[in-house]
Each structure stands twice: as C-alpha cells, then as structure tokens.
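Visitor: What follows is the residue order along each chain.
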Amino acid sequence: MPTSAYLLLGAALFCMGVFGVLTRRNAIGVLIGVELMTNAVNLNLIALSRANGHLTGQAFALFSLALTVAEVIVGLAIVLLLYRSHRSVLTDSAVEMKG
Amino acid sequence: MAETIAFGIIAACMLGSGLLAVTSKKLVHSVLWLAATLVSTAALYVALAAPFLAAMQIVLYTGGVVTLMLFGVMLTDQAHDVGAANLSGKRLPAVLLGLLLFGLLAAAIQRTSLPPIVEAPPASTVELGKVLLLDHVVAFEALSVLLLATMIGAIVLARRNDVQD
Amino acid sequence: MNIASPITLAAVAVMAPLATFLIIGLIAPLRRSGKPAAWVGILGATTSTVAAALLVVDGRSDILIADWLGAGGKFFASIGFQVDGISASMLLVVSLVAWCVQVFSLGYMSDETPAGLGRYYTWHSLFLFSMNGLVMSPNALQLFLCWELVGLASYLLIGFYFRKPSAGRAAVKAFWITKLADIGLGAGLVALYVLTAKASPDGLGSFDWSPQVAQAIGTGGATVVAGLFFVAVMGKSAQFPLHIWLPDAMEGPTPVSALLHAATMVAAGVYLVVRAYPLFQAAPDVLLFMTYLGAWTAIFAAVIATVQTDIKKVLAYSTCSQLGYMVSGLGAGSLFGGYFHLFTHAGFKALLFLGAGALIHAVHSNELTDMGGLWRKMKLSGTAFILGALALAGVPGLAGFFSKDTILEALHASGQTVPWLMLLLAAGLTAFYMTRVVALALFGKPGHHTEHAHEAPASMLIPVLLLAVTAVGAGYMGGPLAKMVGAEYAFHWSMTGIIATSLGLLGIAAGWAIYGARIVTAEQLAVFAPIGNFIRASAVDRSAAWVYRNAMLGLGSGIAWFDRYVVDGVMNLTAWLAMSGGQQLRTFQSGRAGDYVYAVLVGVVLLVAAGLWNA
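Residue numbers (the numbering used here), protein chains in the order written: chain D, 1258 to 1356; chain Z, 21 to 185; chain P, 3 to 617.
This is chain D alone, in the form it adopts within the complex (with noise of 0.2 Å):
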C-alpha cells in the first residue's frame, strides 16, 4: 500500500480524535479522544519511517507511547481529583479560571 493511504487514514483518525475531544463533556471521554489522536500520530510516524527506510520514526513512535501512556496515568489522577473535589467528571464543572 502507498504510504499516503496510510497517511490519510491517520488523518481521518486524527479527526475522529477532535470530534471526540470537542463533544464529549465527560473527561475521561476527552481523554479518549486524544488517546485516538496520539494514535493517529503514531500511525505516521511508523508509515513515514518505513517511507524512508530508517528506525528513527518507531523509535520515536516509541517514544510518543511512553508520552501518551505518562500523559493518560497523570489525566486519570487529575480526573480522579475533579471527581473528589467537585462529585463529577465533567468538564463544565470546572471553571474556576473563569475570567
């Protein structure tokens, strides 16, 4: 397969991701969204890797897996937190930093 193909289907997966992060109200649905984004990422890092005929995109796909896996443990905490401190996951329960 043509590496755009690949590329396109991470685009459309990219996609997916912001539709996610910009309807779900509830955070942990949030975080699946950009879970399916850093997906999207990774996918062409791999394809653009094998493009080239090198291992330095896996390796930073590699990378880019320990960083979403980091950012999702810390996001779950915070969830958690939001949970304890206001009874709910939602997004618009927090707006303390209203101007």
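Be aware that one or more of the hints could be misleading.
To be verified - Which residues of chain D face chain P? A partial, calculated answer using Cβ under 7 Å:
(1) 1344
(2) 1349
(3) 1352
To be verified - According to the in silico footprint, chain Z covers these stretches of chain D (three or more CB under 8 Å from chain Z):
(4) 1314-1324
(5) 1329-1341
Claimed, not checked - Pair by pair, the computed Cβ-Cβ distance ranges are:
(6) Z/123 to D/1324: 52 to 62 Å
(7) D/1310 to P/579: 56 to 66 Å
(8) D/1259 to P/579: 35 to 45 Å
Worth flagging that the hints you see were computed from the coordinates, not collected in a lab. The structure displayed is predicted, hence computed values, not measured ones. Think of the CB as a built atom: it goes at the ideal place given N, C-alpha and C, for glycine as much as any other residue.
Chains Z and P: place on chain D using the hints.
Guide: Just chains Z and P now, kept in the frame of chain D:
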C-alpha cells in the same frame, strides 16, 4: 491484491471502532471501542514492518491504558448515567471543524510527493534497540525520568488528602 | 628570595581575605561562634601580610591583566594585578595595619556578643579584600569597583553599633558624602574612556593612567579627568569641605577608626592620586588647586583639633589635617613626598588610634577629662601613645619628621609660599594639640575611672608596640621607599626643616605649658574662645545643612512634583488602559476547557490552511 483487501478490512475496522469510540453514549462502550481501534492500529503496524511496536501497542495500550481507563470510569461512578451528560449539544460545529481539518490534511497529503515504500524485511527488535540506545540514548534516559515523575505525580495527585501518611 | 612569582603573591594577598570573608560570612555557625571566626579573620590578614612582605622583599614588578566585559572580540575593560614598588609597599602597609587592628580587636571587642564579634570580623575581611584589590588595581576601573566596595565595608564597620542611633546616622553620613564625591570618580572614568577612545585609532577607550594616556588626551582632557578624580579624593580623603563625615565616623569601634581613618580607607584617595599621577601631572591647574586645598584643610582641621575634648575627635581632625599635608605635597609635584607621608602616617596614626583605644578601653570613656593620669597605670601603652604623638608632632628622628619635612621641602622648592606657610603653621599646631592630648589624658588630674584602670591585655599591647616600632623606624625607610617609587631621597637639614622643627618644639612647649605644667591656664586663654567657636566643625556642618535645606530640598520638591503629576500620571494612564482592556478581554475566558480546545483547533486549522496556501 490480497494486501489491499487486508488493508481495507483493517482500516474499516479501525475507522468504524474509532467513530464508535467517540460517539457511544455509554462511556464503558467508548473505552472498549477505543481498545478495538488500538488493536486494529497494531495490525497496521505489523503491515508496516514494525512488529515490536505492534506488540508494545497491545501491551501498553490495551493492557495498560484501557484497563486504567476502565478503572477510572468505575472509580468515578459514571458508568450508569453517562447517557445524556456524555455528549454535549455542540455536535454540528465539531463535525464541521473535523471535516474541514480532514479536508485540509488530505489536500496536504495529496500534494506532498512521498517516497515509494522500500520493501524491506520487518525491522528486528535488535536494530530498534540499537537505534534507541545508541542514537537516542539521552532522550531515552530523559524519558525514564519522565516516567518516574509521572509515577510520583499520579500518587501525589490521587492520594486522599484525609489519609495522613 | 624567590618563593613565588609576584603575581601569585599579589593574588594570595588579595584573595586570602576574600576567602575568609566567604568562610565567615557563609558558614553561619562559625560566624556566630565569635572567637573562632575572629581567628579565621586574623589568619586571612596574616596571610595577606606575609604575602605582601614577601612581595616587598622580592622587589620585582609584574602585571597581570585579564580582559573583561568582552563583546564581539573587543574588550571593554580589564582587571588584574599590578605589582610594582608603590603597590607592594602600600599592600604591606594596609595588610599590616589591618592585621594589627584585627589582633587588637580581640581584646578591645571582648565585651561583644559572639555573633557581634563574628559580624565584626566578616566586615573586616571584606574590607581588607576590597582595600587590597584597590591597591593592586592595574587601571582606574578596577580601582573604582574596589573603591565602592571599600565604601560599603566602611559603612558597615562605622555603623557596627547599629543599635545606637548616632552610629547609624554617622555611617549613613559617611556613606552618602563619600558616595556624593564618588560621582566624580564615576564621571572621571566615563570622561577618561571617552577621551581615550577619541584619541585611539581603533576607537576603543581604556581606563589606564599611564603617561601615554595622559599624553594622548592632552592637558585639557587630563584636567577634566584629574579634576573629576580629585572630587572623589576630597570625599574619601576628607578634604575640606567634604571632610564632615570623618569626625562623625568616630562612632564606630575605635579599632575600626584606626583601620579606616589612619592607614587604609582615607588613604585610598591619596593612593588614587599617586596611581593616576601621570594624569594629574598633565593637569597643572588641578595640582595647584590641590596644593591650596590641602594646605587649607591641614591648617583648618588642626585648629579644630585643638579644641576637641573627645580623644578620638582630636585624632579624626588630625587625620584630616595630615591628609591635607599629603594632598598638598602631591599638588606641589612631589609624588614621593605625599606617598612617604601616607606611609609614615599610616603607622603612627594607627598607633595613636589603637593607643587611644587602649585608654578608652581602660576608662570606658572617650572624654579627655575622664582620663587623666593614666600614665601611672598604663606605662607600656602610654609610652607607645607618647611615641606616636611625638612622631606626629614631627620630633626629629621619628617617622613624621622625615615625611613632613619632605613635603615642606617640596612646597618650598615649588615656590608656593602661601601654602608653605600654612603647612608650617599647621606643623606647630599639630605639635600643640598632640601635646595637649598627652598632657590631659596621660598626666593631668586623675579622672573618675583612672583608679580602676589596668594595663591593656596582650592582644592589645602587641599590635600597639609593633606599631610603635614603625612610628620610630618608618622615617628611616625613606631611601628604600623612594627607590620603590622611583624617586631619589636622602635626608639633609635645610632651612625649612629647621623652621618646622622649631615650630614643632614650640608647639610642644606651649602645649605642655598650658595643659601639662599649667604655667598658663586655659582660662586665661578663654579670650580666644570665640575664634575657636567660629571655626568649630559645627560651622561647616551648619552650612552643609543650609545647602541641604535650601538647595537640595528645593530641587527635591521640584522633582517630587514632576514625579507625582507627570510620571505618576503616565503610570496611572497605563494602568487604566491595562485594566479596562482586561475587563473587555476577560469575557473571552469562559473557564471551560472545551471552549479553549475549540480555540486551539480553530488555530490549528488556520495554520494548516496557511501552510497549504503558501506551499
């Protein structure tokens, strides 16, 4: 030909489950559809000659992240009443924005001249390890520090305040 | 003698006090422990003194210059060490006096709390570092930096008893008046840099004071630079009318006065003239002004010294007077004369201050009337004090005689009769007021505390006796010192010397007749009291206060008006704009994460679109 069919099936699985992951009314279903998306992506990794990453994808994401998210959903007790509150009303602008972005990205991909794929045997884990530990060793070590910080941060954040030591 | 290179020795002499300053200053438990901190400080001073002595014995000249403040391959300035006869001998004087003072303080400050003692030695180390750095400066810029550090350290030392309001005020006064004068040094540096930059082919200025620089900037340039430098000298070396901080600075501990007001801080001004002498030589107008101002200060301060009742005030005015001698001698074209007097004066004036400190320590009072008859109780320190007084009075054979004679000779040779006569008169007055102090404090009617007085402890006696040796011997160092400075010196009797000596002896006789033997009582001299009152220090203080009240406050209120209505107005307008703008902008901040994500994604779409558009 068989490759194209396989790619089409996997891509369809991925996009379908991805769409369901962002539209399901129940959060638990969303998480499970996410898992399905991630597994489909792992299959694509295999097709892209990156078996190690495919394995990592399954171990880390489906084994770790998805499980963690399920725990999160259960701990915050949202499993039962996610229905109405899960999706906000502003779907149309989000759809438009998503489609617009996809259009732009697709146009960009079409206009870029990509190199043809080099047909090579799947990269061995040994080679990947060399790239990681020789060329990118600083980043690798920095990442280990980051993971440690994440661990401590998660403990600090999630710890109950009323439990003293 | 070839132990180490001159530069190494100089670096050791400068850096040892810095090291002790950092050690005492940063290690709080050590500082608060008092005595151990004092010993660390003394160790630093000892190292400096030994290094300086080796440097003098070594006798080689060397210079180390490191580029500093570089930009684009060109360097704006340089720092380093300049080792030559002048700096090596001055380094020895400074370090030795500092060592004596620090050892003396062990006994003198024994009533101090450990924390206070630690603080005291911290500032002493800082002071010694700054002063040694100043002495070793290869150019005017480094000298200026160290000069300011010296000012800071002296402020801290004068204000050591900061709980006493008068000490705090005295420290502030000393600081501000010297800072006011330092504007001259700063402006002089700028002028020097600009003028040398104009004269040099590559357009790069310098802060050097070499004869080449003086030649390059010409007489006009040298007059500007030397004149501005001399303003700073007037402040630091307490020349009329900027001398008013010096008597007040006696609020500091007596050893501090010995350090600051005998050998080091006040001598820094004279030292600046000595170092930048090529520039001064190219400016005859400035030299002439120095001759007259120095002579005037010498006689003016000597008159005031005759009526002071506080032993330290007498010594303070005496210092002003002697600095006047140095400035006048330098003005008359005798580099060696001024420097020689600086050299001898450092020894015997430090001796006088430390001796006075021993007396004050014995009776817990500065007043001459509270002392009286102390000689019977304190034979050793009393003798040393008398030696110092005689050296200052210019008795033949003692240190002050030789150096004062050199200055007077120089004035005579330059044909400036008026300053010469003024200085001769001042020599007589000097002998008079020192005899008065000796007669009142050591002999005279016993005061209240005289009965309980004891000889000073060893830590105070050793430095005093050591300095007594210099008071006797420093005068005979004229020949070697002249060779180090690059001048010729051999003592011979001349008309001037005979007149000065006679006037000195006359002064001693008159002083003894009035205050010692009481042949003529002070009451009979009361007719002269109005004169004394007229030229008392307070007159100068009052005129300074008048200038302050009228000129300074007027200017101040003008600036205050500008500040309140123009500067504040602009600031308030800015603040109002920021606030109302913020009020408008805050409506964008909904506080909901979703809205921000929307904004970010719209931005991403726009960026991608822009990228495609340009591609």
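Visitor: Confirm or reject each hint.
Guide: Going down the list of hints, with the structure as the test:
Look at residue 1344 of chain D: its Cβ only gets to about 18 Å from chain P, farther than 7 Å, so that hint breaks. Because the smallest distance between the Cβ of residue 1349 of chain D and any Cβ of chain P comes to about 6 Å, under 7 Å, the interface hint for this residue holds. Annotation: residue 1352 of chain D was flagged as interfacial toward chain P, and the flag holds, the nearest CB pair being 4 Å apart, inside 7 Å. Evaluation of the coverage hint for the stretch 1314-1324 of chain D: fulfilled, as 8 residues show C-beta separations to chain Z shorter than 8 Å, against a requirement of three.
Chain Z is given as covering the stretch 1329-1341 of chain D, and this holds because 11 residues of the stretch bring a CB closer than 8 Å to a CB of that chain, at least three being needed. Distance hint check for residue 123 of chain Z and residue 1324 of chain D: the Cβ-Cβ separation is about 28 Å, which falls outside the suggested range of 52 to 62 Å. Separated by about 58 Å at the C-beta atoms, residue 1310 of chain D and residue 579 of chain P satisfy the suggested range of 56 to 66 Å. Look at residue 1259 of chain D against residue 579 of chain P: about 57 Å separates their beta carbons, and that is not inside 35 to 45 Å.
Violated hints, listed in ascending order, are 1, 6, 8; each of the other numbered hints is respected by the structure.
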